[in-house]
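Colleague: Chain by chain, the residues:
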Amino acid sequence: MSPTASSPTAGLPRAHYLNQAYGIRSWLLTTDHKRIALLYLATVTLFFFIGGSFAVMIRIHLLTPEGYLVTPETYNKLFTMHGVAMIFFFLIPSIPAVLGNFLIPLMIGAKDLAFPKINLLSWYLYIVGGAFFIYSMLTGGLDTGWTFYTPYSSIYSNSAVTPAILGIFINGFSSILTGLNFVVTIHTMRAPGMTWFRLPLFVWAHYATSIIFILGTPVIAIALLLVGLERIFHIGFFNPQMGGDPVLFQHLFWFYSHPAVYIMVLPAMGVVSEVIPTFSRKAIFGYHFVAAASLAIAVIGFLVWAHHMFVAGQSTYAALAFSLLSFLVAIPSAVKVFNWIATLYKGSISYDTPMLYALGFIGLFTIGGLTGLFLASLGVDVHVHDTYFVVAHFHYIMVGGAIMGYLGGIHFWWPKITGRLYPEFLARIAAIILFSGFNLTFFPQFILGYLGMPRRYHTYPPEFQVLNVLSTAGASILAVGYLLPMLYLTWAMRYGKVAGRNPWPATGLEWQTESPPPTENFDKTPEVTWEPYDFHHRPDLGLASPGLAPARGDD
Amino acid sequence: MQSQLPLLPEQASNFAGNVDALMLYLLIVSVFFSALITGVIVYCFLKFRRKHPREIGASIQGSVPLEAVWTVIPFLLSMLMFGWGASIYINYRTAPKDTLDIYVIGKQWMWKLQQPDGRREVNELHIPANRSIKLILGSEDVIHDFFVPAFRVKMDVIPGRYTTMWFRATKTGRYHFFCSQYCGTNHAVMGGWVTVMEPAEYSAWLSGSSGEANPAAVGAKLFEQLACNSCHLSTDQGRGPSLNGVYGSTVKLSDGTRVVADDAYIRESILNPKAKIVLGYQPLMPAFQGLVTEEQILNLTEYIKSLQGQPAPPPPAPTAGKR
Amino acid sequence: MHRTGELYGQFQTLDQQREAASLGMWVFLITEIMFFGGLFLAYTINRAIYAVAFAEASRELNVHMGGANTAVLILSSFTMAMGVWCSQTGRKKLLVVFLIATLALGGVFLGVKYFEYAEKFHHHLVPGYDFHFPDVKPEIAAQDPYINAHAQLFFSLYFGMTGLHALHMIVGAGLLLWLIAQAAKGRFTPAYNTPVEIVGLYWHFVDIIWIFLFPLLYLIDRHT
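Those sequence lines, one after another, are chains H, L and E. Taking my numbering, the leading residue of the first sequence gets 105, the next gets one more, and so forth. Taking my numbering, the leading residue of the second sequence gets 434, the next gets one more, and so forth. Taking my numbering, the leading residue of the third sequence gets 13, the next gets one more, and so forth.
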């Protein structure tokens, strides 16, 4: 297994899922979950670029109070399409469709998902949905905000609303089928000995996420369908002059879109729950509590949607109920954070890149989550609702949380996916650049929001300029932090050091098979006898055993 | 004050101090836990860094008592946040009785504000300090939002209904207000200034203007033009109930329930009178939906309010028909 | 094509395959409930607010056609269930008979639906296409001055909900066609009848949706 052998593929297994067949048809008609994961990787990255370039334009435009870069109409389209591209076409699919698809069968000891053809269909639905969205971008754009509030979106907007809605609608079915596939797979296809409480927490996280996919996505499908019907046929569901109620849309929309944020963060938490034990070489603290917390977040997450509507004219009683529930949903997240840091205690810690991303997640998600408490608290929410405070809050969770989790996972499993290691030193630098750039971009926005700068503003009073300039400066650093991994990960696919089966080493089943894995995942069906993250009873990992290097003081 | 402390907006209303105090409590708790978590991470990173390439960590599974502790403590802290926030919010939503009412209409992309005496302003609001102000908000097109950062108040403005908000400005000065619900192209320029004046100055400002006609007077004319007075007499002998003293009173309906005759009730009774029938009267009133503008409804409401001084006739006997 | 009872590559055992297929269909049906649920919610809220208009509009629906369709669909669920029983007990020829019967009844449903919709077109009751609600008695009009718009809301929901349902029926018909073709080749045995069972589940679900739709849409205030 010499990494410096002359042939470029020396050291890699002879036959694996990447070289099993060549040609475009073998990719576009594949039913191998691992290849489908890579198809998703390519396409979500495309939409990340699209959404990211809109973000760059927004931040440059906001360097000056008057905003000289684009017209107001264009600015409104930029922030709208940034939101739609990032949320629906990047964040929601990202970890589940890339890492979940790749890893769940491997982690449970199965040969593939329960319904491989439906898995491929999911990807095609995503593509068709994405195509409609791109069509909308090219034929006038979308300027309703990603939240599509009526009656602006259903009556007044002159932008390409209908194709955009169609794109999101179709993409929703991609999500639903992915969730369905995961639930059935996890229930019925675990290898012998893989009981529920031996499942990796990544799998638990995706199970909880899939519940949200299944129950929530159909509701936004209907909400957007009704907006489309109102636009095309002039029916008055949300038009007060025809007896409709604009606030009904908000209820239908947020019923999905709040749980959607848990779709975005639970998988990232799943990644963190794998990375922390691996790089502390210690079992996760409170496994059952972390698993239960994932389910609790998914369930309670369905009960809090109207905290987006505290000033929308709902009754005081409703507001009180939703505020209380919103505080309750924060508790399981806090429990998870405490369990993660307790895992570090008396661990054997290394600073590899995935660990840096996981720790970045914990820090930034904590800030994002705590600022969520500001928003759940009715007295403060009235002041900061629809200001940059909210923008900062959700970017801390979605970028500081979800994207760091995604990148951490990509780095952690890159050796398994490609058979090669990424360049560690460069990756650590990139992680630090990303972390710094991120904080400089978004922390000033908390202050901007409390000072009163509303969101979705193409121009602002001059006293807000300094903070805006700081934010844009941070964004330029953040962009570098994103570009570096794209470059070196691509480089590593060809020139990285050969990784071997289990470079870290980690305890999951996925690390028992070759890197990259064979198409059928395992040479023979594994039988599981180990508890999860149990470094003390895994002599196969080649780590300390009694008598050799001592383990940290056991309790 | 503003320039020295660019982290908080000015505190210029009765709510601002309490909101900032709650925010400060939230901030302290957040900083504490962020520091705690960061501290533990840094400590662990330094104390437990891997010393030997094959070293593993201790064999610790968990601790139920610890789970209980870090579930209960956040729960208690957040319940305090909830309770405090709830009390502020209930205060926000419960206007005192003797407010100075201002009507506000938002439309793409401007604000029309009307003082009680009828004087109208566009994108400007002059109010007296230390007086409870109630804004009654409506929209002519899409959803907007009226936000005054210095007062810490905000409320959505929704087409098809009224929303209300109240505050008491505690400091004179000029303060931004913004539209803060995205409403289209010029959402970002749909704002203006609230000018808070000493009460004497405010009176002077009010009387100094030529002013529009008194809205109650306009309403009185409308009342005649639209033939409302053919059924709503000042006695209880008409086809409709007398409107003397009705504003603010409790009305008995034919289905046995009672309702307070506020602005929303008056508006609904004009647009869709069949929704609530006063006890003892027949559902005869035609609906004026589509026949009156929002402004005309406001003027009629002002006129009806002005009838408060008149003596209210006794309610008719429950079984007596009026035709 | 696969022969009877062949194990698909990703599964370990036939039992696992059957369990997965069944669970998959149940999960899919749950998503359908959430999908229709949004429309039911919109209907319920608007029905509560505009009770008079909705009652008047509901009276314009052809309750005989709707009632006939309800009977047809319930009967088709029965024939479908009989088909599942046949597949479980190895009655291969009878299975084909019942599947064809189910498909035929589904076709009757869709045919009646076509005539119902055509009737609505003629009576200007299709929203967005020259919608005009017939004049109502003055005392009704007095209760709801905007009755034309609210009746249009009713019909939007009517076409939305029954149209979505009909779409699901068409998909079901397609599934049945495929099932009949497979059954005619003798593919289903007591050891392997999973496709029949899960198509049965789907068909029963579509039937249940109609059983909710019919009274909600057609039977409001029929007696007044």
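Incorrect hints may appear among the rest.
[As the list claims (entries may be wrong)] Here are some, though not all, of the chain L residues that point toward chain E, as calculated from beta-carbon distances under 8 Å:
id, residue
1, G516
2, N705
3, A720
[As the list claims (entries may be wrong)] Straight-line Cα separation of at most 25 Å, SDA-like style, residue types lysine to any residue; simulated pairs:
id, chain 1, residue 1, chain 2, residue 2
4, L, K480, H, L647
5, E, K125, H, F337
6, L, K604, H, P565
7, L, K484, H, P565
8, L, K567, L, L513
9, L, K738, L, E657
10, L, K567, L, D453
11, L, K709, E, A153
12, H, K221, E, P227
13, L, K707, H, Q345
14, L, K545, H, E177
15, L, K685, E, K132
16, H, K221, E, G186
17, H, K221, E, P157
18, E, K149, L, E701
19, L, K707, E, F217
20, L, K540, H, A264
21, L, K604, H, V232
22, H, K628, E, I61
23, E, K149, L, K540
24, L, K545, L, F721
25, L, K540, H, T175
26, E, K149, L, N705
27, L, K709, E, I61
28, H, K221, E, Y204
29, L, K604, L, A633
30, L, K685, E, V64
31, E, K132, H, E177
32, H, K628, E, A153
33, L, K540, H, T563
34, L, K685, L, K707
35, L, K530, L, A468
36, L, K484, H, K221
37, L, K709, E, P157
38, L, K540, L, D695
39, E, K132, E, D147
40, L, K604, L, E554
Just so you know, the hints here were simulated from the structure itself, not pulled from any lab data. For each residue, glycine too, the CB sits at the ideal point set by N, CA and C.
Colleague: Hint by hint, note whether the structure agrees.
Modeller: Do the hints match the structure? See the list:
For the restraint placing L/G516 at the interface with chain E, the shortest Cβ-Cβ distance is roughly 32 Å, beyond the 8 Å limit, so the hint is violated. Interface restraint check for L/N705: the shortest CB-CB distance to chain E comes to about 7 Å, inside 8 Å, so the restraint holds. The restraint placing L/A720 at the interface with chain E holds, with a minimum CB-CB distance near 4 Å, inside the 8 Å limit. Restraint check for L/K480 and H/L647: satisfied, since their Cα atoms lie roughly 20 Å apart, inside the 25 Å limit.
Taking the CA atoms of E/K125 and H/F337, the gap is near 21 Å; set against the 25 Å cutoff, the hint holds. Taking the CA atoms of L/K604 and H/P565, the gap is about 21 Å. The hint holds against a cut of 25 Å. Proposed proximity of L/K484 and H/P565 is contradicted: the alpha carbons are some 55 Å apart, above 25 Å. A hinted pair counts as satisfied when its Cα atoms are at most 25 Å apart, and L/K567 with L/L513 does not qualify at roughly 29 Å.
The suggested pairing of L/K738 with L/E657 holds, with an alpha-carbon distance near 16 Å, which does not exceed 25 Å. Pair hint L/K567 plus L/D453 holds up; C-alpha atoms about 22 Å apart against a cutoff of 25 Å. Only pairs whose Cα atoms come within 25 Å are accepted, and L/K709 paired with E/A153 is accepted, the gap being roughly 16 Å. Taking the CA atoms of H/K221 and E/P227, the gap is near 39 Å; set against the 25 Å cutoff, the hint is violated.
Restraint check: the Cα-Cα separation between L/K707 and H/Q345 comes to about 18 Å, which is no more than 25 Å; the hinted pair holds. This hinted pair checks out: L/K545 and H/E177 have alpha carbons roughly 24 Å apart, not beyond 25 Å. The straight-line distance between the Cα atoms of L/K685 and E/K132 is roughly 43 Å, outside the 25 Å bound, and the hint therefore fails. Pair hint H/K221 plus E/G186 holds up; C-alpha atoms about 19 Å apart against a cutoff of 25 Å.
Between the alpha carbons of H/K221 and E/P157 the distance comes to roughly 54 Å, so the proposed pair goes past 25 Å and is violated. About 23 Å separates the Cα atoms of E/K149 and L/E701, which keeps this hinted pair within 25 Å; it holds. Taking the CA atoms of L/K707 and E/F217, the gap is about 41 Å. The hint is violated against a cut of 25 Å. Distance hint between L/K540 and H/A264 is fulfilled; the C-alpha atoms sit about 23 Å from each other, no more than 25 Å.
A distance of roughly 57 Å separates the Cα atoms of L/K604 and H/V232; the hinted pair therefore is violated under the 25 Å criterion. Under the criterion of a C-alpha separation no larger than 25 Å, the hint pairing H/K628 with E/I61 is inconsistent with the structure, at around 63 Å. For the hint linking E/K149 to L/K540, the alpha-carbon distance of about 37 Å lies beyond 25 Å, and the restraint is violated. Taking the CA atoms of L/K545 and L/F721, the gap is about 23 Å. The hint holds against a cut of 25 Å.
Proposed proximity of L/K540 and H/T175 is supported: the alpha carbons are some 21 Å apart, at most 25 Å. Annotation: proposed proximity of E/K149 to L/N705 holds, straight-line Cα distance about 18 Å (limit 25 Å). A threshold of 25 Å between alpha carbons decides the hint, and for L/K709 with E/I61 the separation of about 13 Å falls inside it, so the pair holds. With a C-alpha separation of about 20 Å, the suggested pairing of H/K221 with E/Y204 holds against the 25 Å cut-off.
With a CA separation close to 14 Å, the supplied pair L/K604 and L/A633 stays within the 25 Å bound. Distance check on the hinted pair: L/K685 and E/V64 sit about 23 Å apart at the alpha-carbon level, within 25 Å; holds. A hinted pair counts as satisfied when its Cα atoms are at most 25 Å apart, and E/K132 with H/E177 does not qualify at roughly 42 Å. Restraint check for H/K628 and E/A153: the C-alpha separation of about 75 Å exceeds 25 Å, so the hint is violated.
Between L/K540 and H/T563 the CA atoms are separated by roughly 19 Å; this keeps the pair inside 25 Å, and the hint holds. Only pairs whose Cα atoms come within 25 Å are accepted, and L/K685 paired with L/K707 is accepted, the gap being roughly 14 Å. The straight-line distance between the Cα atoms of L/K530 and L/A468 is roughly 46 Å, outside the 25 Å bound, and the hint therefore fails. Of the supplied pair hints, the one linking L/K484 and H/K221 is violated, its CA atoms being roughly 48 Å apart against a limit of 25 Å.
Distance hint between L/K709 and E/P157 is fulfilled; the C-alpha atoms sit about 14 Å from each other, no more than 25 Å. Restraint check for L/K540 and L/D695: satisfied, since their Cα atoms lie roughly 24 Å apart, inside the 25 Å limit. Only pairs whose Cα atoms come within 25 Å are accepted, and E/K132 paired with E/D147 is accepted, the gap being roughly 16 Å. The hinted pair formed by L/K604 and L/E554 meets the criterion: a straight-line CA distance of about 21 Å does not exceed 25 Å.
Violation of the numbered hints given earlier is confined to hints 1, 7, 8, 12, 15, 17, 19, 21, 22, 23, 31, 32, 35, 36; the remaining hints are satisfied by the structure.
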